[in-house]
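Participant: Sequence:
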Amino acid sequence: KLFFNRGEASEEEKELRNEELENIRQVFLRNSQVILKSLDNLRGVYDDDLIDFFIDGRLDLAHKFEKGEFIDSYIVHTE
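Okay, so the sequence shown: first residue is 216 according to the numbering used here, each after it adds one.
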């Protein structure tokens, strides 16, 4: 792209980006469900405080994803 067009995205590019972001959110949230269930199954094998730490961390990330904060802040950080 030309220098003056670099910051501008076409409507098609914006729509594709939004669709991709939504797909990423859905995959992350599905994976989070599996991870949380797996972590819960480890109770009794590992210390409950350790399991709770990982569960709380994943729940925090999931809340950021649901709000749309995590991906947007990551994109801003990488640009």
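Derived by calculation from the structure, the hints in this document are not laboratory data.
Do not take every clue at face value.
[Stated by the list, open to error] Computed list of lysine to any residue pairs in SDA-like fashion (alpha-carbon distance at most 25 angstroms, straight line):
1) 229 / 270
2) 282 / 263
3) 279 / 251
4) 282 / 271
5) 279 / 265
6) 252 / 284
7) 252 / 238
[As the list claims (entries may be wrong)] Using C-beta positions, here's what the derived DEER-type ranges look like:
8) 226 / 256: 41 to 51 angstroms
9) 263 / 235: 34 to 44 angstroms
10) 237 / 265: 32 to 42 angstroms
11) 257 / 279: 16 to 26 angstroms
12) 233 / 272: 22 to 32 angstroms
13) 269 / 228: 13 to 23 angstroms
14) 227 / 262: 29 to 39 angstroms
Computed from a prediction, not measured in an experiment: that's the story for all the values here.
Just so you know, even glycine gets a beta-carbon here, dropped at the ideal spot from N, CA and C.
Participant: Each hint needs a verdict: does it hold in this structure or not?
Facilitator: To see whether the hints hold, each was checked on the structure:
Distance restraint check for residue 229 and residue 270: the Cα-Cα separation of roughly 34 angstroms exceeds the 25 angstroms cut-off, and the hinted pair is therefore not satisfied. Simply put, residue 282 and residue 263 have alpha-carbon atoms about 28 angstroms apart, too far for the 25 angstroms limit, and the pair is violated. Distance hint between residue 279 and residue 251 is fulfilled; the C-alpha atoms sit about 16 angstroms from each other, no more than 25 angstroms. Proximity of residue 282 to residue 271 is assessed by CA-CA distance (about 17 angstroms); at most 25 angstroms being required, the pair is judged to hold.
Among the hinted pairs, residue 279 with residue 265 is consistent with the structure: their alpha-carbon atoms are about 22 angstroms apart, no more than 25 angstroms. For the proposed pair residue 252 and residue 284, the alpha carbon gap of about 24 angstroms is at most 25 angstroms, so the pair holds. Between residue 252 and residue 238 the CA atoms are separated by roughly 22 angstroms; this keeps the pair inside 25 angstroms, and the hint holds. Look at residue 226 against residue 256: about 46 angstroms separates their beta carbons, and that is inside 41 to 51 angstroms.
For residue 263 and residue 235, the Cβ-Cβ distance of about 38 angstroms falls inside the hinted range of 34 to 44 angstroms, so the restraint holds. Evaluation of the 32 to 42 angstroms hint for residue 237 and residue 265 yields a pass: the beta carbon distance comes to about 33 angstroms. Restraint check, residue 257 to residue 279: a C-beta distance of roughly 24 angstroms satisfies the suggested window 16 to 26 angstroms. As the Cβ distance of residue 233 to residue 272 is approximately 27 angstroms, the hint placing it in 22 to 32 angstroms holds.
In this structure the hint that residue 269 and residue 228 lie 13 to 23 angstroms apart at CB is violated, the actual value being about 37 angstroms. Distance hint for residue 227 and residue 262: a CB-CB separation of about 51 angstroms, inconsistent with the stated range 29 to 39 angstroms.
Hint compliance for this structure: hints 1, 2, 13 and 14 are not met, and every other hint is.
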